[in-house]
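With the hints as extra help, turn the sequences into a complete structure.
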Amino acid sequence: MYELAEAVPWLGSRNPRAARGVVLALMLIAPMIALSAGNTWVRILDFALLYVMLALGLNLVVGFAGLLDLGYIAFYAVGAYTWAFLASPHFGLHLPFWIVLPAGAGFAALAGLILGAPVLRLRGDYLAIVTLGFGEIVRIFMNNLNHPINITNGPQGVNMLDSLSLFGWDISRHIQITDDFKINSLVLFYYVFLLCVVGSVIVIRRLQLSRVGRAWAAIRDDELAAKAIGINVRNMKLLAFSMGATFGGVAGGLFGSFQGFVSPESFSLMESIAILTMVVFGGMGNLGGVILGAIALSLLPELLRSVALPVQQALFGHVILDPEVLRMLLLSLAMIFMMLLRPAGLLPAHARYSRPELAGAGRITE
Amino acid sequence: METLLQQIVNGLVVGSVYALVALGYTMVYGILGLINFAHGDVLMVGALVALQVVLFLQKAFPLLGAVPTLLIALTVAMAVCMALGYIIERTAYRRLRNAPRLAPLITAIGVSFLLQTLAMIIWGRNYHSFPQLITTTPLQPVEGVFITPVQIIILVSSALLMTGLILLVNKTRLGRAMRATAENHRVASLMGVDTNKIIATTFIIGSALAAVAGVMFSSNYGVAHYAMGFTPGLKAFTAAVLGGIGNLGGAMVGGVVLGLVESIGAGYLGSATDLCHLPSWAQSASLIETCANGGSFELLSSNYQDIFAFVILGIVLIFRPTGLLGERVSDRA
Numbered sequence: 001m002y003e004l005a006e007a008v009p010w011l012g013s014r015n016p017r018a019a020r021g022v023v024l025a026l027m028l029i030a031p032m033i034a035l036s037a038g039n040t041w042v043r044i045l046d047f048a049l050l051y052v053m054l055a056l057g058l059n060l061v062v063g064f065a066g067l068l069d070l071g072y073i074a075f076y077a078v079g080a081y082t083w084a085f086l087a088s089p090h091f092g093l094h095l096p097f098w099i100v101l102p103a104g105a106g107f108a109a110l111a112g113l114i115l116g117a118p119v120l121r122l123r124g125d126y127l128a129i130v131t132l133g134f135g136e137i138v139r140i141f142m143n144n145l146n147h148p149i150n151i152t153n154g155p156q157g158v159n160m161l162d163s164l165s166l167f168g169w170d171i172s173r174h175i176q177i178t179d180d181f182k183i184n185s186l187v188l189f190y191y192v193f194l195l196c197v198v199g200s201v202i203v204i205r206r207l208q209l210s211r212v213g214r215a216w217a218a219i220r221d222d223e224l225a226a227k228a229i230g231i232n233v234r235n236m237k238l239l240a241f242s243m244g245a246t247f248g249g250v251a252g253g254l255f256g257s258f259q260g261f262v263s264p265e266s267f268s269l270m271e272s273i274a275i276l277t278m279v280v281f282g283g284m285g286n287l288g289g290v291i292l293g294a295i296a297l298s299l300l301p302e303l304l305r306s307v308a309l310p311v312q313q314a315l316f317g318h319v320i321l322d323p324e325v326l327r328m329l330l331l332s333l334a335m336i337f338m339m340l341l342r343p344a345g346l347l348p349a350h351a352r353y354s355r356p357e358l359a360g361a362g363r364i365t366e
Numbered sequence: 001m002e003t004l005l006q007q008i009v010n011g012l013v014v015g016s017v018y019a020l021v022a023l024g025y026t027m028v029y030g031i032l033g034l035i036n037f038a039h040g041d042v043l044m045v046g047a048l049v050a051l052q053v054v055l056f057l058q059k060a061f062p063l064l065g066a067v068p069t070l071l072i073a074l075t076v077a078m079a080v081c082m083a084l085g086y087i088i089e090r091t092a093y094r095r096l097r098n099a100p101r102l103a104p105l106i107t108a109i110g111v112s113f114l115l116q117t118l119a120m121i122i123w124g125r126n127y128h129s130f131p132q133l134i135t136t137t138p139l140q141p142v143e144g145v146f147i148t149p150v151q152i153i154i155l156v157s158s159a160l161l162m163t164g165l166i167l168l169v170n171k172t173r174l175g176r177a178m179r180a181t182a183e184n185h186r187v188a189s190l191m192g193v194d195t196n197k198i199i200a201t202t203f204i205i206g207s208a209l210a211a212v213a214g215v216m217f218s219s220n221y222g223v224a225h226y227a228m229g230f231t232p233g234l235k236a237f238t239a240a241v242l243g244g245i246g247n248l249g250g251a252m253v254g255g256v257v258l259g260l261v262e263s264i265g266a267g268y269l270g271s272a273t274d275l276c277h278l279p280s281w282a283q284s285a286s287l288i289e290t291c292a293n294g295g296s297f298e299l300l301s302s303n304y305q306d307i308f309a310f311v312i313l314g315i316v317l318i319f320r321p322t323g324l325l326g327e328r329v330s331d332r333a
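Protein chains in written order, with full-length UniProt numbering: chain C, 1 to 366; chain S, 1 to 333.
Derived from the structure by calculation, the hints contain no laboratory data.
Be aware that a few hints might be false.
So the derived label-pair ranges between C-beta atoms look like this [what the hints assert, rightly or not]:
1) L341/C to G164/S: 49 to 55 Å
2) I114/C to S301/S: 22 to 28 Å
3) L93/C to L275/S: 23 to 29 Å
4) V311/C to R90/S: 45 to 51 Å
5) N146/C to G164/S: 23 to 29 Å
6) G175/S to E324/C: 40 to 46 Å
7) F319/S to H147/C: 47 to 53 Å
8) V142/S to N232/C: 54 to 60 Å
9) A314/C to Y86/S: 33 to 39 Å
10) L195/C to I87/S: 44 to 50 Å
11) V311/C to N196/S: 39 to 45 Å
12) I87/S to V307/C: 42 to 48 Å
C-beta: ideal position from N, C-alpha, C; glycine also.
In structure tokens:
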């Protein structure tokens with residue numbers, strides 16, 4: 001919040017309070033603006049919020065604790081599949097969300113522990129590869145656990161997931177207030193997701209400022225020194241993995257309820273990389289930066305899509321770069337150029353929370 | 001018995017391709033301490049360029065024999081990949097040589113995805129069938145065991161290339177400079193080694209090997225695809241770690257061992273996890289019925305083949321981070 005407010009041009013540094021108001025107002029009226037452009041855009045905003053939540057969770061692991069996790073999407077998958085198993089006709093279970101969502105979060109946290117425990121000793125690039133392998137293993141299992149006993153329904157995935165219902169309202173239906181005024185379900189989802197994001201931000205902010213957050217920062221900056229001043233490195237790393245995974249699990253559950261359908265395809269390595277790019281692009285370790293990165297990188301491809309397709313049609317008469325290609329192009333270029341030109345991200349973390357070496361990384365010492 | 005022999009043959013072939021790719025990883029890691037994520041995608045570019053050249057030659061010079069066509073395609077693919085390797089090093093990695101450890105890694109991932117995207121733009125999303133220039137009629141050295149001429153060529157040429165590389169690194173002036181740079185950049189440059197040039201050369205050599213591996217891979221499986229580099233890349237990295245990263249001999253041993261484990265494992269995974277082998281008291285009634293009808297109840301099938309590499313990688317990194325032959329420690333990151 002604070003970091004986001006500071007980033008508001010002109011106003012941010014002069015009147016932080018007003019800037020915060022602007023950010024808040026923007027977040028609240030965003031779906032209304034999007035609605036005027038069509039339901040698709042509200043949908044895109046909803047997904048953007050899911051990405052924000054994922055990026056926040058990954059930032060906990062990468063930005064705070066300095067553990068590069070390339071298999072983060074696996075936790076998202078665990079959350080989504082938990083929803084699919086406990087609230088869909090697949091197994092005939094229809095549990096309410098206040099059981100399913102915590103269960104998804106719990107399973108994801110457990111998965112985080114399972115991943116974290118063996119890789120505690122690994123650092124940097126080795127850790128990245130092993131977590132990547134973990135993500136792939138989860139995906140391979142999702143694809144193949146339909147035989148001999150059908151658990152995940154294989155590549156087809158599970159569909160007809162129950163939607164989110166709050167206090168007896170099914171929010172996947174429009175709410176008819178008067179005859180000609182109704183609230184769109186996509187807008188309802190937006191506010192539910194927004195609530196979850198705000199909740200996550202508060203929790204993560206508190207964590208960051210707490211003893212735990214400082215311990216993570218210490219481990220990230222110098223593991224040996226952290227150990228020497230009495231930080232329990234093992235437990236703190238495990239905590240980072242499982243806390244990060246929890247947010248992924250919650251986001252996964254919400255994704256399942258929103259989409260109504262899960263399949264292994266949604267949980268590819270590309271998605272892990274996309275989330276990592278959002279974190280890196282916005283600014284590792286800075287909540288505002290991470291949120292900005294997630295929003296920017298989930299909206300930009302859609303904007304490009306709506307601009308580039310007609311332009312290509314007009315220029316060449318057919319589509320040369322389809323939207324998925326554009327998205328990958330954008331993400332990979334964002335990753336490369338961000339690291340080369342502005343390695344600390346759009347909104348760099350405050351010096352107090354940042355690793356000094358990263359702040360100076362832009363300088364070339366050849 | 002034939003199955004086992006057959007799986008060993010397949011494993012050796014795949015393993016030698018892994019070994020070639022692993023050499024590229026291990027050389028770069030030895031010198032820069034960087035996992036060159038884009039290495040697998042260089043393999044993909046090699047395969048697709050070779051495919052393009054073969055198609056062109058078949059159309060333009062249909063009278064050219066199979067072997068010259070393949071050789072020209074291979075040469076062009078190697079040249080393109082060497083240039084690509086140089087460009088990647090020059091533009092993406094060189095500036096980050098003194099940056100904190102996460103920065104070059106993230107850039108490398110970005111480069112990898114950039115290459116895939118560009119390949120997708122150029123060659124599309126479809127699988128392309130790679131023309132089988134060399135006869136694919138399998139030979140039968142032993143009754144029941146098949147090996148195709150392509151596989152024999154793969155085995156022989158990768159053995160030759162690896163020998164060549166070892167000689168290059170151990171016997172030549174360039175090799176000595178490479179070893180010195182791997183040992184210590186700064187001291188090497190004080191001794192008059194142009195380390196920038198050596199590092200670029202390393203990338204170029206690694207990319208050339210990857211191009212060869214890509215052509216081998218495509219000729220063996222008969223397909224080429226924009227995302228084909230990812231899995232072999234990851235497996236080759238596993239092979240490099242398995243053998244001891246930074247160690248050339250290790251990469252070769254690791255590649256072959258990984259290929260064998262994977263191939264033999266995939267051959268037996270199904271029947272090894274078949275619950276019908278359980279003693280009958282441990283089987284449920286429905287299971288007994290399935291098994292009695294000649295059915296099977298395989299918990300894991302060969303679909304899980306790709307898991308071997310990751311599991312091996314995890315186990316090696318956790319229990320023997322130095323690898324089979326390595327002396328480097330995993331702690332440096």
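Which numbered hints are broken by the structure, listed smallest first? 1, 4, 5, 7 and 12
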